[in-house]
Amino acid sequence: MELRVRSIRMSNEQVQKTDILQGTLDLMVLQTLATMGPLHGYAIAARLEQVSSRLLQLNMGTLYPGLMRLEQRGFVRGKWGMTENNRRARFYEITAAGRRQLSAERAEWDRTVSIMTTLLNEIR
Amino acid sequence: MNPMGSIATLREWIRRLAGTIGGGRTDQDLQEELRFHLDLAAERAGRAASLEAGGLSQSVEALRDQRGLRWLHQLDRDLRYAVRMLAKNPGFSCVCIVSLAIGIGANCAVFSFADTLLLRPLAVPNPSGLLSVGLTGSSRDSLVASYREYVDIRDQSHSFDGLAAMTKSTAAFAADRGATPSLALGLLVSGNFFEIVGVEPQLGRSFRPEEDQVPGRDAVVILGYDFWSKQFGADPGVLGRRILLSGIAFTVVGVMPPGFTGLDQYVRYQYYAPIMMWPRLIADVNVRPLEAGDFRGVLIAGRLKDRVTRSQAQAELSAIAANLERAYPDTNRNRRIAVRTELQNRIAQNPPVATLLAMLAVLAVAVLGIACANVAGLLTSRAPMRAREIALRLAIGARRARVIQQLVTESLMLALIGAVVGLGLGLLAVTLFNRIQIPTDLPIVASFELDRRAVLVSVVVALTSALLFGLVPAIRSTRTDLTNVMKATDATGFGRRRYWGRGALVSGQVAVSLILLVVATFVYRGFERQLEKGPGFRTDHLLMMSLAPSQLHYSNARAQRFFEQLVASAKRVPGITSAALTRYVPMDGLPPTVAIVPEGFQFPAGRESATVVTSSIDEHFLDTIGVPILKGRGLRASDTADAPNVAVVNERLAERYWPAQDPVGKRFRVEKGPWVEIVGVAKTTKYGFVLEQPMEFVYFPFRQRPAQSMFLVVESIGEPSDLATPLRAIIRRVDADLPVTNVRTMDDLYRMRSVVVLNVVVTIIGAMGLMGLALALVGLYGLVSYSASRRTREIGIRMAIGADRSSVLLMVLRQGLVLAGAGVAVGLLASLAAGRALAIVFPGGAAGDGKVDLTAFVFVTATVFLITLVAAVVPASRASRISPSEALRHE
Chain A
1 MELRVRSIRM SNEQVQKTDI LQGTLDLMVL QTLATMGPLH GYAIAARLEQ
51 VSSRLLQLNM GTLYPGLMRL EQRGFVRGKW GMTENNRRAR FYEITAAGRR
101 QLSAERAEWD RTVSIMTTLL NEIR
Chain B
1 MNPMGSIATL REWIRRLAGT IGGGRTDQDL QEELRFHLDL AAERAGRAAS
51 LEAGGLSQSV EALRDQRGLR WLHQLDRDLR YAVRMLAKNP GFSCVCIVSL
101 AIGIGANCAV FSFADTLLLR PLAVPNPSGL LSVGLTGSSR DSLVASYREY
151 VDIRDQSHSF DGLAAMTKST AAFAADRGAT PSLALGLLVS GNFFEIVGVE
201 PQLGRSFRPE EDQVPGRDAV VILGYDFWSK QFGADPGVLG RRILLSGIAF
251 TVVGVMPPGF TGLDQYVRYQ YYAPIMMWPR LIADVNVRPL EAGDFRGVLI
301 AGRLKDRVTR SQAQAELSAI AANLERAYPD TNRNRRIAVR TELQNRIAQN
351 PPVATLLAML AVLAVAVLGI ACANVAGLLT SRAPMRAREI ALRLAIGARR
401 ARVIQQLVTE SLMLALIGAV VGLGLGLLAV TLFNRIQIPT DLPIVASFEL
451 DRRAVLVSVV VALTSALLFG LVPAIRSTRT DLTNVMKATD ATGFGRRRYW
501 GRGALVSGQV AVSLILLVVA TFVYRGFERQ LEKGPGFRTD HLLMMSLAPS
551 QLHYSNARAQ RFFEQLVASA KRVPGITSAA LTRYVPMDGL PPTVAIVPEG
601 FQFPAGRESA TVVTSSIDEH FLDTIGVPIL KGRGLRASDT ADAPNVAVVN
651 ERLAERYWPA QDPVGKRFRV EKGPWVEIVG VAKTTKYGFV LEQPMEFVYF
701 PFRQRPAQSM FLVVESIGEP SDLATPLRAI IRRVDADLPV TNVRTMDDLY
751 RMRSVVVLNV VVTIIGAMGL MGLALALVGL YGLVSYSASR RTREIGIRMA
801 IGADRSSVLL MVLRQGLVLA GAGVAVGLLA SLAAGRALAI VFPGGAAGDG
851 KVDLTAFVFV TATVFLITLV AAVVPASRAS RISPSEALRH E
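Sequences listed follow chains A and B, in order.
Under the numbering used here, the first residue of the first sequence carries the number 1, and numbering increases by one thereafter.
Under the numbering used here, the first residue of the second sequence carries the number 1, and numbering increases by one thereafter.
Worth flagging that the hints you see were computed from the coordinates, not collected in a lab.
A hint or two may mislead.
Which chain A residues stay away from chain B? Per the calculated CB distances, all over 10 Å, these [unchecked claim]:
{"hint": "1", "residue": "G37"}
{"hint": "2", "residue": "S52"}
{"hint": "3", "residue": "L55"}
{"hint": "4", "residue": "D110"}
Covered stretches of chain B, going by a simulated chain A footprint (3 or more residues, C-beta under 8 Å) [what the hints assert, rightly or not]:
{"hint": "5", "segment": "31-38"}
{"hint": "6", "segment": "126-133"}
One side only, chain A facing chain B, incomplete, derived with CB under 7 Å [as the list claims (entries may be wrong)]:
{"hint": "7", "residue": "G41"}
{"hint": "8", "residue": "Y42"}
{"hint": "9", "residue": "M60"}
{"hint": "10", "residue": "P65"}
{"hint": "11", "residue": "M68"}
{"hint": "12", "residue": "R69"}
{"hint": "13", "residue": "R73"}
{"hint": "14", "residue": "G74"}
{"hint": "15", "residue": "R77"}
{"hint": "16", "residue": "N86"}
{"hint": "17", "residue": "A89"}
{"hint": "18", "residue": "F91"}
Quick reminder that beta carbons are idealized off the backbone N, C-alpha and C, glycines included.
Make a model of the complete structure from these sequences and hints.
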């Protein structure tokens with residue numbers, strides 16, 4: 001899927017980036033935390049960048065408000081902790097509600113994708 | 001969204017709400033997290049990457065927006081700023097608030113007045129769906145029907161989900177045999193009444209269908225809540241108890257919930273009984289209420305079936321009216337049947353009240369409009385002072401909508417404080433209205449109150465007015481050309497036409513307030529004179545009480561014997577010098593009327609009789625209240641039913657029908673009845689109200705023209721109210737079942753019906769005049785300071801080239817003086833006209849002897865002119881204190 005990204009706030013860069021819907025970001029973050037365990041913000045961004053082969057570069061102004069929203073909704077829990085290099089960082093951990101939300105969103109996503117795939121193949 | 005999602009969203013909003021008031025993570029915490037991110041990004045890829053990751057301060061801003069609710073945060077900041085701005089200019093704020101408070105208070109008062117008299121819905125479910133049905137064409141335009149007509153309409157119509165019948169009934173109530181009876185007001189209802197109204201008894205049951213079948217059989221009663229609380233101490237054990245209504249034992253089967261007023265907005269009915277009990281409860285034994293076709297005492301109410309419109313129902317009812325006309329030609333000729341909503345019904349029953357309320361509402365809206373115009377004027381006059389601040393905000397990047405939002409928040413703040421003060425004014429007005437009492441023992445409540453509805457209306461009025469007076473100046477002041485304002489203070493010269501428009505408005509306000517104050521002074525002085533003169537009969541040392549033996553089904557002869565016996569024993573009570581009977585006590589509401597045909601009098605074409613007011617009295621009444629007989633004789637004990645018919649008329653009536661003749665010995669007829677001979681002429685007094693025109697009055701002997709209820713009036717040596725107890729004891733000895741009502745002294749009645757009413761009227765007119773004056777002052781003040789602020793530069797130049805302070809003062813003042821003077825002149829002319837009109841309406845009331853009251857004029861005019869002068873002097877003297885260097889540096 002070819003995605004065009006423009007971050008919500010800053011970044012005038014012309015690099016091709018994915019335009020992510022809010023729900024999609026939530027889904028990506030929740031999935032990352034579910035598979036990788038507790039991570040800090042930078043690690044989440046780095047993981048998404050790596051998985052998307054650098055197509056997806058998350059802006060701080062998008063990522064952190066997104067994390068805060070997830071936290072306010074009770075899907076993740078943030079806690080200050082220490083990294084392996086003994087630096088203070090805020091780690092995010094998925095909650096039980098977050099896992100339930102993830103599976104619900106995931107089912108929704110699968111349904112959307114299958115509808116879109118069928119539709120697009122038909123037109124072709 | 002799935003339910004889990006919506007709960008999550010709710011949780012997010014709660015947290016954000018908490019975040020707004022400082023419950024979330026601190027700014028420091030947020031920055032630390034972001035800095036950590038930036039550090040890692042920089043370590044990995046250098047500065048470029050950190051730029052790519054987004055700027056720190058922008059990201060913190062985005063996080064802050066997510067932490068709280070942006071608009072709430074802004075509102076909070078705007079409110080704080082608004083409070084600071086208002087506190088910084090206390091004079092300006094006070095003037096605005098007073099002006100708005102008057103506008104809002106006037107609307108609040110008028111609304112609560114209208115709500116009580118007309119608008120407040122009945123305390124039933126879906127009150128607007130409840131319609132009244134009945135025959136039109138009776139004298140007072142309310143919808144009525146006879147019971148027979150009710151049955152016909154009910155059985156023939158198909159548009160309604162049932163129709164209920166009801167009729168008011170008064171009865172002598174006693175909790176058990178031997179208890180002192182009192183008068184109780186109830187509603188007799190058809191069996192389906194509670195179901196149609198939609199309110200069931202809170203205790204016990206409603207009436208069973210079989211209790212609506214046989215006349216006079218089922219003596220069951222449901223009590224009103226207030227009555228139950230007062231008479232039975234809210235005892236649930238009252239169910240099954242037997243109470244006496246007019247001597248008949250009724251079984252209590254239920255209690256209605258509190259606040260239920262039947263279908264009458266004023267009356268708190270004390271009991272509800274099946275309408276089948278009507279023949280046994282009715283006072284007049286000769287009437288057969290369930291059978292008579294023309295005894296129209298029934299009100300009908302019902303709700304439309306689904307998908308039936310009111311016009312369909314009306315068409316059907318018109319057809320039924322035609323059927324009734326065919327079936328009963330003698331009682332139903334030309335009688336239409338109408339269906340009305342409760343509001344239409346109330347308006348139709350009392351058109352003058354509706355008209356008065358409409359006028360008051362227009363007036364209140366006009367007052368609000370003027371208040372808003374004044375405040376808008378004040379805000380505009382302050383605009384140059386704030387132009388720089390606004391320009392600065394716009395220059396450093398505030399969006400225009402944001403600045404307008406800030407300015408409107410300030411206006412809202414003003415309006416809300418104005419609303420609070422306005423509610424205070426409304427409360428004062430309501431307290432004033434409530435001083436007018438209805439002298440009655442019946443549970444009639446017409447209390448004006450500042451309830452939730454009135455508060456809501458006031459707040460809506462305040463918000464609307466804030467938009468009215470705040471939005472336009474806000475939009476205008478943000479439209480300024482940035483560079484111009486930053487460079488110079490004075491905007492372009494002000495529009496001459498706009499100035500004259502505002503000038504005319506201010507002059508008009510001065511004129512109107514002057515008229516109102518002059519009228520109030522006239523009326524006040526007139527009332528004072530009238531009250532000094534008195535009503536024409538004595539009001540001191542008199543006690544009255546009302547008795548209705550017909551409620552106990554006395555025959556006329558027995559009632560007459562009862563009254564004679566009563567007067568005889570009352571006279572023997574120590575401290576009583578005289579006792580008398582009358583059907584009507586002066587000042588107790590409107591007197592009853594009778595249609596008479598004087599012998600030999602030529603009526604104009606189309607009229608056959610004259611309607612005059614009347615009372616039936618005994619031979620002692622006129623002496624007792626001190627009304628002298630001028631010619632002939634008074635009534636005598638010998639004027640019995642068997643003796644020739646006689647009457648005493650008042651002077652006014654004698655002069656009208658037998659001018660320049662001796663009225664004694666002349667005759668008249670009551671409608672088509674036998675001749676009645678005039679045996680005496682009494683002095684004309686006031687009958688219904690102190691300010692009334694002289695009325696034609698005729699006194700009949702009560703033995704020849706008996707009444708359903710009579711007042712016993714006694715004259716005392718000492719304090720009249722002390723006599724109530726011995727008199728009650730006498731009445732109890734004669735008939736223990738007879739309720740005694742309306743026990744009060746003549747002084748009390750006179751005070752309630754005259755003095756208090758007059759005082760309230762004068763206070764209302766005077767208060768309106770004062771409020772008008774206050775508004776006019778605000779307007780004048782705003783206009784003068786507006787034009788002075790526009791002329792700051794001109795004033796500076798004038799002073800720089802040698803003008804002294806007093807000449808500047810005069811220059812600015814002149815404008816205000818012209819406006820105030822014009823207003824006073826117009827008001828003076830108009831109030832001269834108003835004075836003449838008043839002298840016609842209240843002859844001998846407004847100006848004593850029909851002449852214009854000069855004192856009032858001179859006093860009021862001078863006061864108004866002086867006060868308006870002050871409103872102009874304050875801003876003018878401020879303008880004259882401008883130092884020339886400062887005024888010019890403003891450039």
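Results of checking the hints against the structure:
1. G37: holds (18 Å)
2. S52: holds (15 Å)
3. L55: holds (14 Å)
4. D110: Non-interface label on D110/A holds, nearest chain B Cβ at 15 Å vs cutoff 10 Å.
5. 31-38: holds (count 6)
6. 126-133: Result for this restraint: violated, n = 0.
7. G41: holds (6 Å)
8. Y42: Holds: closest Cβ of chain B sits about 5 Å from Y42/A, inside 7 Å.
9. M60: Holds: closest Cβ of chain B sits about 4 Å from M60/A, inside 7 Å.
10. P65: holds (4 Å)
11. M68: holds (5 Å)
12. R69: Holds. Min distance 6 Å.
13. R73: Holds, because the Cβ-Cβ distance from R73/A to chain B comes to roughly 4 Å (cut-off 7 Å).
14. G74: holds (5 Å)
15. R77: violated (13 Å)
16. N86: violated (13 Å)
17. A89: holds (5 Å)
18. F91: violated (10 Å)
Figure legend: structure checked against the earlier numbered hints; hints not met, in rising order: 6, 15, 16, 18.
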